[in-house]
Amino acid sequence: MGCPGQGGSPRDPWRGGSGGVGNSQSEVHGWAGGASRAFPTLMEVDLEERLHELDLRSDSDVPDVPPPTDSTPEILKRALSGLSARWKNWWIRGILTLAMISVFFLIIYLGSFMLMLLVLSIQVKCYHEIITIGYRVYHSYDLPWFRSLSWYFLLCVNYFFYGETVADYFATFVQRREQLQFLIRYHRFISFALYLTGFCMFVLSLVKKHYRLQFYMFAWTHVTLLITVTQSHLVIQNLFEGMIWFLVPISSVICNDITAYIFGFFFGRTPLIKLSPKKTWEGFIGGFFSTVVFGFIFSYFLAQHQYFVCPVEYNSETNRFVTECEPSELFQMKKYSVPPLLQAALGWETVNMYPFQMHSIALSTFASLIGPFGGFFASGFKRAFKIKDFADTIPGHGGIMDRFDCQYLMATFVHVYITSFIRGPNPSKLLKQLLILQPEQQLSVYKTLKSHLVEKGILQPSLRG
Amino acid sequence: MYFFPVHQVSPVAREDGWESESENKLDAETASDSESRSEFGGSAPVPTSDDTPEVLNRALSNLSSRWKNWWVRGILTLAMITFFFIIIYLGPMVLMTIVMCVQIKCFHEIITIGYNVYHSYDLPWFRTLSWYFLLCVNYFFYGETVTDYFFTLVQREEPLRILSKYHRFISFALYLTGFCMFVLSLVKKHYRLQFYMFGWTHVTLLIVVTQSHLIIHNLFEGMIWFIVPISCVICNDIMAYMFGFFFGRTPLIKLSPKKTWEGFIGGFFATVLFGLLLSYVMSGYRCFTCPVEFNNDTNSFTVDCEPSELFQLQEYNIPLVLQSVVGWKTVRMYPFQIHSIALSTFASLIGPFGGFFASGFKRAFKIKDFANTIPGHGGIMDRFDCQYLMATFVNVYIASFIRGPNPSKLIQQFLTLRPDQQLHIFNTLKAHLVDKGMLGSLEDA
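Protein chains in written order, with full-length UniProt numbering: chain A, 1 to 465; chain B, 1 to 445.
Keep in mind the hints are simulated off the structure, nothing from the lab.
Owing to the predicted nature of the structure, the values given are computational and were not obtained by experimental measurement.
Beta carbons: idealized from backbone N, C-alpha and C, even for Gly.
Among the clues, some could well be false.
Cβ-Cβ distance ranges computed for the label pairs, FRET-style [as the list claims (entries may be wrong)]:
{"hint": "1", "chain 1": "B", "residue 1": "324", "chain 2": "A", "residue 2": "201", "range": "38 to 44 Å"}
{"hint": "2", "chain 1": "B", "residue 1": "401", "chain 2": "A", "residue 2": "420", "range": "29 to 35 Å"}
{"hint": "3", "chain 1": "A", "residue 1": "114", "chain 2": "B", "residue 2": "401", "range": "45 to 51 Å"}
{"hint": "4", "chain 1": "A", "residue 1": "266", "chain 2": "B", "residue 2": "206", "range": "43 to 49 Å"}
Next comes chain A alone, as it looks inside the complex (with noise of 0.2 Å):
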């Protein structure tokens, strides 16, 4: 894979072989993992010491990550050995992106459950990666328990997650097996007791010399937890409201992506921001305009298939995920009258559309205006520890995270978005609460609902239905 300190070994990965950068300064680093312990008196004055003068120095005192090895495979490497290295570059990342864009199509295509594993994998790498910076960072390889720890925090939290969310969907399947009922009923003392574990042994692994680093690294493991697995859940919640929440956003923010680039590549003139130097004014506005245009036209072709509109819903009798049924308003055309401005222009008086376009230019706005944020927040963090990219998973493109940070806030963003402007609160969760209810509260609660629902003409009070 040719990522740095991705093998685990305990030898820092800043003095193997790849180059000398930094060996002037491996003196005042150390201990690290054992390679070489050339200053034991060092050793013994406080570690701590040590630590502190790393994050008070200035960021340009801090030594530099050596370059990452080339992992481009061999027979990309021969077809382009002809081109400078320039264009070299330029088409190798072309041919990823195409790459990485049929693997979507294809996982898309696959369903519902497949796309549920990879937004996991994803998350599990991300997690990975940015894990493996703080190492880097503090040089913990050595510390006891610590990678144990951290990924056993990250079970107890997708362990919770989907707990919450998953059981809700799944309710019908559930209600059959008396072990998970007993699982779901007491899922939060359960995940808090997982947690709570974990804790223990975080404190009872705390070692003498080690104390800042140790937390240091808790910190890292916690604010890490945040930040990936509660996006990736809410990335599945937005999923099972159907596909197409999933869908636009992420290509919206991936279009933004492309679009800003290539309108800055033409035009770009003035730039937008210190922390990213190549990114352009003209580049953002534009990007802005194209990926709202081409939000608007793929919501057009998406809104029509059931596949893509209906929530996802588990059919337990063929143990299948199916996406049918009636479209809800939201996807069923409709005429808008076209505002006088653009009538002069356009020519038509009225045009069919569906809602969801309206909403689908929210959405893009979003990607193009907030989106970059979270990209700016990663070249800061990138900056801050002197990495070039998070990883090196995809050859051209770095790692996993380099690929979703503008994703992140997206996610977030559908997911409020949806419970705030498009749907009320979850029918599953709210039947699995009312079957929780004690007997004689289920039952007045179903009288209450009876007699609102005859008055509302919704049922008729002489079928029995």
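Fit chain B to the known structure of chain A by using the hints.
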């Protein structure tokens, strides 16, 4: 005022207070420590300001400094406990306000430590951003809680209704503004520091703000769910200290060298007993056992209800083993007392881990106390470090074992669904009730 963290170089924290400043200088590692300190400009040890009020100082001036410290701690402990009782007497609204103040103070203490550790006073915007994030997260949590408990009040007032309907969106927009301001405030030479402080702020918010809101949730369940856990933690602290003082011999954990196994176990039994007694006394009063509700007509909080099963005396058979010891065949107890055993057990066995975590944190960042707010005790965080795990545990316990969801809230949510969804839920519920035999036959209304 807070003392600038004097670097306590010996890992063995002297928890019996500052003897004298000169003693610090005799420690072996002081030389290298203060040297490296002065390297970074300006963090030479500052003498601790003695925060004890003058009154106490004069009253205790005759005693030796060790006993003086004991007395100061003792008096302040009594003062805090009295204060606690007064607040309980004043009612839920005041309690909520106090919880809010404690939360803000804890946040402030931890952030100040971060500033001191990183000398971050000069970071642009950072203080403002930290307080802004605190405001956002509080707004989000209070909005969610208020919407649930003050439902009718909110529905009446138009501006409140809109705020509550789009609550999540508004909170998210506020948070995003802070996030974007952070990104725009990144300065070239200080990226790493700024990211550290960002991380520090968020972890602090996670710890401090979520726990304080869980405490308020517990409070709304009934004041007994607020008072018993907090008292158990306090009791465990005091009892473990006393048992340790009189019988302590085997050290418990390297992190806190003063804690002993004897104190730990003695504290455990004493706390369970204390919990049983306290719950017995409190279960008799409605003002403690009833859920706090907001009365729309009087616009105030009321605690009036029919006590639930949990708070009605029941006969329990004593297991045979204890029968011979105690001499009774049955005993009248409140079911809540059984729960109080669970709460006390957690407070004694797991609660201390919160304290060890805080001790480790203080050692990691070389501070003796979080701040110097309470004379003899340290900062507010020092008093509340064990409470945090407790608050979450009580909340999870209640949600899992005590109450189910609130039926009226469920009905409200039901009414906002679409008709076809309503029908689907109704039919499923009906099938479930028929299954259970609650609905006699299909003809039964």
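Hint-by-hint comparison with the structure:
no., hint, verdict
1, B/324 with A/201: 38 to 44 Å, "holds, 41 Å"
2, B/401 with A/420: 29 to 35 Å, "holds, 33 Å"
3, A/114 with B/401: 45 to 51 Å, "violated, 38 Å"
4, A/266 with B/206: 43 to 49 Å, "holds, 45 Å"
When the structure is compared with the earlier hints, a violation turns up for hint 3 alone.
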